[in-house]
Amino acid sequence: VQALHSLTDEQLLERGLDDPQAIGVFYTRHVGAVIAFFRPRVNDAETALDLTAETFARALQGVARYQSSGAPGRAWLFAIARNLLTDSYRRGRVANDARRRLAMSRMTVDDHDLERIEEAATAASSGVSELVDSLPDDLREALNSRIVDETSYADLARSLGTSESLARKRVSRGIALLRSNFERRLAK
Amino acid sequence: MTDVLDRLRDDLVAAAARLATQTDPQVVSRRRSHRVMRSKVTIACAALVAGSAAVAGATEVFAGGEVDRGTASSGETYQVEVKPGQPGETCMVVTASDGAPTRSGGWCGKLRPGVPVVAWTTVGSDLVLYGTTPDSVATVTAGADGVADTQARTQSREGLPAKVFALAIESDQGNTPVTITLRDDAGAVVWRYEERPPRQ
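Sequence lines, in order, name chains A and B.
Under this note's numbering, the first residue of the first sequence is numbered 1, with each subsequent residue one higher.
Under this note's numbering, the first residue of the second sequence is numbered 1, with each subsequent residue one higher.
Hints were generated in silico from the structure; no laboratory data involved.
Please note: incorrect hints may appear among the correct ones.
Stated by the list, open to error - Label pairs and their in silico Cβ distance ranges:
hint: 1; chain 1: B; residue 1: 18; chain 2: A; residue 2: 159; range: 29 to 37 Å
hint: 2; chain 1: A; residue 1: 148; chain 2: B; residue 2: 6; range: 24 to 32 Å
hint: 3; chain 1: A; residue 1: 28; chain 2: B; residue 2: 21; range: 38 to 46 Å
hint: 4; chain 1: A; residue 1: 134; chain 2: B; residue 2: 10; range: 48 to 56 Å
hint: 5; chain 1: A; residue 1: 128; chain 2: B; residue 2: 17; range: 25 to 33 Å
Said to hold, decoys possible - Facing chain B, a subset of chain A residues (Cβ under 10 Å, in silico):
hint: 6; residue: 9
hint: 7; residue: 21
hint: 8; residue: 22
hint: 9; residue: 27
hint: 10; residue: 31
hint: 11; residue: 33
hint: 12; residue: 57
hint: 13; residue: 102
hint: 14; residue: 107
hint: 15; residue: 112
hint: 16; residue: 113
Positions of the beta carbon are idealized from the N, C-alpha and C atoms, including for glycine.
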């Protein structure tokens, strides 16, 4: 398992169906961020956990298809999370199709577990928030508008008073800088 | 006491192990459903375009209703029927040859680039695709599990109507925006639809 930690997300997912532990490492790497994504968007920690569990179950189910897509692993995972959230809002409940098909047990949680989920969400989001805050103003504004508020590039360009192309570049530069800072922080 | 997140990881790893050995009949069945669904979508799109010389005029061409039949690459046969949908829309309804109502899928839309398209397919109880409604924008997904299909390409050539088209769902950065492209046999784009990023 230790050797798996040195692999990239994409390499882990490519091994996913052959080496179950690779999925475990991928999960460990991103579970905090996924919980942090869901927690502020739902009413309670248990629902956030439910969504997180279903997201990873769907990812596991989709690993075979991922392997031919070549998409960045993390972006792919968050696309699943986002779709699940949209679907859950629409249906008014969290789907459990993937977990049911994979025969995964339903998680029962106690107060300690709920605290743990809140901690994980806070830890993951606060770390990223600090890094986002450290970005130059123009990049931070573009990144927040596009990623957090999900503003379209056309609307973003209008609000920034720039061209759409420049708005895209700002977001792209913001992500690149954020990633670089994040990796530097992990390396410490 | 084991951490709740560790328990979830262990459960996931165990599921991955079961999946690796493919001993779970539900999983095997699930994979088959994917193939069937993709074939059906391809059939629907193929027929959708095949019936019209000019894509822009497809709504009018199809409004009167047409029926075609196809065989998916999985070997299952389907009936493809064109029906009018909401005002200004055209629907493709794909039904299994046994007529089972739960095994049908469809595709509705205004066939002009940039105009919202609603698409759906059901296999059993699974809602597979959905697009936009007049007042909201949802994410287009492909796959009975709702997993975002970042580069799903389907192509089925067996027993389909005379002209065969491939459906490509492409994405950029986590499936947003989504582009659905229909290409003819020569690879030329005959219709393209771009989905806007989802907003909640």
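Hint-by-hint comparison with the structure:
{"no.": "1", "hint": "18(B) x 159(A): 29 to 37 Å", "in the structure": "violated, 49 Å"}
{"no.": "2", "hint": "148(A) x 6(B): 24 to 32 Å", "in the structure": "holds, 30 Å"}
{"no.": "3", "hint": "28(A) x 21(B): 38 to 46 Å", "in the structure": "violated, 23 Å"}
{"no.": "4", "hint": "134(A) x 10(B): 48 to 56 Å", "in the structure": "violated, 36 Å"}
{"no.": "5", "hint": "128(A) x 17(B): 25 to 33 Å", "in the structure": "holds, 32 Å"}
{"no.": "6", "hint": "9", "in the structure": "violated, 13 Å"}
{"no.": "7", "hint": "21", "in the structure": "holds, 6 Å"}
{"no.": "8", "hint": "22", "in the structure": "holds, 8 Å"}
{"no.": "9", "hint": "27", "in the structure": "holds, 5 Å"}
{"no.": "10", "hint": "31", "in the structure": "holds, 6 Å"}
{"no.": "11", "hint": "33", "in the structure": "violated, 12 Å"}
{"no.": "12", "hint": "57", "in the structure": "holds, 7 Å"}
{"no.": "13", "hint": "102", "in the structure": "holds, 4 Å"}
{"no.": "14", "hint": "107", "in the structure": "holds, 6 Å"}
{"no.": "15", "hint": "112", "in the structure": "holds, 7 Å"}
{"no.": "16", "hint": "113", "in the structure": "holds, 4 Å"}
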